[in-house]
Amino acid sequence: MTGQLIETRRDAFLSVAEKELIAFERKERELRRQEKLERAKEMFPTLLKELEKLGGSLERQRAYPL
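Note that my numbering has the sequence shown beginning at 1, numbered continuously upward.
The set of hints was computed from the structure by calculation and includes no laboratory data.
Take the hints with a grain of salt, since some may be wrong.
Claimed, not checked - Quick list of simulated restraints, FRET-style, between CB atoms:
| id | residue 1 | residue 2 | range |
| --- | --- | --- | --- |
| 1 | Phe-24 | Thr-46 | 49 to 55 Å |
| 2 | Gln-4 | Gln-34 | 29 to 35 Å |
| 3 | Leu-37 | Leu-14 | 31 to 37 Å |
| 4 | Asp-11 | Ala-40 | 27 to 33 Å |
| 5 | Ala-17 | Leu-37 | 40 to 46 Å |
| 6 | Glu-28 | Glu-50 | 27 to 33 Å |
| 7 | Ala-17 | Lys-41 | 32 to 38 Å |
| 8 | Asp-11 | Glu-42 | 30 to 36 Å |
| 9 | Leu-51 | Arg-10 | 50 to 56 Å |
Built from N, CA and C at the ideal position, the CB exists for glycine as well.
Modelling step: build the complete structure from the supplied sequences, incorporating the hints.
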C-alpha cells in the first residue's frame, strides 16, 4: 500500500515538473525569437521597411523562423 502511494506521488511530481519544463522551454524559445528579431531590425532597417511596404512583417513570418 505504501509503495503504491509513493509511486503515485512520484508520478504526480514528475507530471508537474514536465509541464513546468515545457512551459519554460516555450518561453525560452519565444525570448530567443524576439532577440533575433530585434537584432535583424538593427542590422537590416532598410530591408525591413521595404518588407513592410510590401505588406509583410517579420513578426508574422512563421514559415521561415529566424
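Notebook entry, point to check: Which numbered hints are broken by the structure, listed smallest first?
Noted result: Going through the list in order, the structure violates hints 1, 2, 4, 5 and 8 and respects the others.
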